[in-house]
Structures are given as C-alpha cells and as structure tokens.
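S.K.: Protein chains in written order, with my numbering: chain A, 124 to 229; chain B, 124 to 229; chain C, 124 to 229; chain D, 124 to 229.
Where chains are identical, the list cannot tell them apart; a pair therefore holds if satisfied intra-copy or between any two copies.
Here are the simulated lysine-lysine pairs, BS3-like style, with alpha carbons at most 30 Å apart:
#, residue 1, residue 2
1, K154, K221
2, K156, K221
3, K156, K208
4, K154, K207
5, K221, K208
6, K154, K208
7, K156, K207
Rather than coming from a laboratory, the hints here were simulated on the basis of the structure. Nothing here was measured: the structure is a model prediction, and the numbers come from that model.
Number of protein chains: 4
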Amino acid sequence: MAIVEVTVIPLGTGNTSLSSFVAGCLGILEKSKGIQFQLTPMGTIIEGELEQVMNLVQQMHEQPFAAGADRVNTIIRIDDRRDKKSTMEGKVASVEEKLIKPGGTD
Amino acid sequence: MAIVEVTVIPLGTGNTSLSSFVAGCLGILEKSKGIQFQLTPMGTIIEGELEQVMNLVQQMHEQPFAAGADRVNTIIRIDDRRDKKSTMEGKVASVEEKLIKPGGTD
Amino acid sequence: MAIVEVTVIPLGTGNTSLSSFVAGCLGILEKSKGIQFQLTPMGTIIEGELEQVMNLVQQMHEQPFAAGADRVNTIIRIDDRRDKKSTMEGKVASVEEKLIKPGGTD
Amino acid sequence: MAIVEVTVIPLGTGNTSLSSFVAGCLGILEKSKGIQFQLTPMGTIIEGELEQVMNLVQQMHEQPFAAGADRVNTIIRIDDRRDKKSTMEGKVASVEEKLIKPGGTD
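Using the sequences and the hints, build the whole thing.
M.R.: Okay, structure coming up:
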C-alpha cells in the first residue's frame, strides 16, 4: 500500500480555471474499487496498491487530452513505506497526536 | 493571496518515521496570524499573502535542522491566481460542484 | 513522446549521502533502449514514449527497497505535449534562442 | 549553500509554448551575482546561499504576471545539506563515479 499525490495541470487552455479538468480526473477515481482518495486544494491523494494507483494516475493524466488540451503537466509524489502499514488517516493522526502532546518534537 | 503546499523531508535521520518533524513545522504555523492552513497526508497547505507564506515556509525548512537533521529536502508548490480571489475552500468546492452536476467536463 | 523528471529519495537510511541509490536507479536506464536520459543535480530527466518511461520510473522507485531502504519518496513530473514533437534538447534550445535575441519575452 | 530547482508555469495563457516566459525568468538569474545556475529541460537549478536563492525564486515567480499571465504555478525543490559542502557539479560527479566503478550500489 502506497500513498500517492497527483496534480494534473493542462497548459495553454486559454482559461485560468481548471476545476472542470480536475472533476474529470476525479471521475476516474470514483469508478475505481480498492482505493481511497481525497481531494485537496492542491491535488488528489490516493491510497492503494502501488501498481493500481499508478495505473489510475496515468488514466488521470490522459483525461485533459480527451477534453481538448494539447499539453499536460502532471506531478506525482509517491510515499511508499514498507516497514509498517501506512494510511492517509494514520499519517495525519500521527502528526496531530504529537501536536496535542508537545515535547515529542523538539 | 496564494495557496502554497509545502512538504519538508529530513534525510539520513536513521528513522523512517518523520511525524515528529512535521509536528515541529506545524508549530510554526499555529503561532502565525493572517494565514489558514491544513495538514494533509502528503504535506501542509497554506493560504495567505504570498510573501508571508514564503517566509513561514522558510522557517519550516529550518525546523528539522534545529531538531538535529543534517540534510533537508523541501518541496514547495505555489498556486497564485490574480484574476479572482482563490481560497483553499473555494478550490475544492468548485471541483465538487462539477462532480455533482456532470456534463461540464466530459 | 513525453519528457519526465524523476527523483527517488530513500528515507530513514541513516546516511545523508544518497548517490549510491541514484547510481542504482541510473543502472536501470542504461540498460533500456528507445529512451534518452540525462542526470541533473536534482534528478533524472527521461525522454521517450510515456508508457515505457512510466514503467522505468516504477522500476527506479523499487531500486532503493532492493538496496535495503524501508521507505521511499519518489517525485515524478511529466511534461507531455501533443501539438508538436517536444524533446529535451529542443526545449532548452527554444529558451536559449530567446535569451540571445531579447525582446521575445517581455 | 543550497541547491534549488524551480519551475515556473503560467496557466491559461492560450498558448502551449512557454519558452518566452522561461527566458524572462532566466534574465533575472543572469543579472545576479553569487549564484550558479543551469537550465534543464524541466526547470532551472540554482546553487547559492539559501536566502538569496529563495529571493530570486520569488522574483522568477512574479515574471509571468509582469508578462501578462493571470495565474502562475511555481514548483520549488530545495536540497539543503549542512554536514558537508554540496554543489551542483559535485552531486552529479558523485553519482557518475559510482556508475563507472560498479559495486558500490548493489
């Protein structure tokens, strides 16, 4: 299981708004089983088996071309931890726990 | 107002867990006025006046050094839109609206 | 043909030097036909057919695990332009040409 | 001394070609003393004192707005190593050395 953030950016579209492209990309994830995902203001974070997630990410990258774009920049960040199970929820909880009980960090 | 995602990664720490470093970085944001921020499983997203946010990001980058790290990789993504006011909440809402009413994208 | 930058970062290795991991990743590219690549101080840039490049990138991501790492962060940026052929060499040349003959930009 | 990669991406320009914007950003670096930089097919890599480099990066981010863009996405990656002096040239040389004498990695 890996956690992957993806941001798909169509270029040269002539419109500063990109939300309809992002919605198209999310449509791909909504149809997929075996993954969790969350939309953030800067991209989409997906949790699942790495090979499946990377396959979905490549489908998301194709989406703006299908919607008319001629150039797409896609940024992918993989966080893959294999010494223990890592989840989107667990990662955030682990940080928040240390904020509530200060002293752990400094 | 810009929206900025930052991920601070200490290297060579000998420990695969980084949550205490992340908590230290968030401590800097909690003390700051005039910004909004949210923790995600892949980083921290900050909304505010660009110069102030970049100043905070540079303080966050220093945090792992203060906590003992010798090498830090920091990834920053700025989304800066000046033709209309853009907010973290507004960006997500704009995509979700298009998901509820399909047709805009495909 | 797409141009893809990849940076593979093993975490928690206990050593701030990562060059041996990078060399291992490059070994994968040196054995591959049909692609061009160049090493930069911040990653590796690969030019080739997108599906093949993404397959190689995923092999590169596995390399530090094979070499003993327990957590790997990999950053991938795809620049995919389909209205004209784009190459690593052509992109740099296009910018340099505009530097020599100023006026094009402003 | 830190090594910083920056990619400045104007959005909604109506033109898939971005090289004139990139040339404008490089003009800022060409006038600056105390830094080294190199253009790659995926961005610009700058070596220098971190505070100075981040100041230049923020000037580069402003450049497309001055040239007419209404939205700019800028990606910045800082590699900051403080246990030994790290240079752009030294990082690449360190990897290449391990490629010539295999055995170090695997």
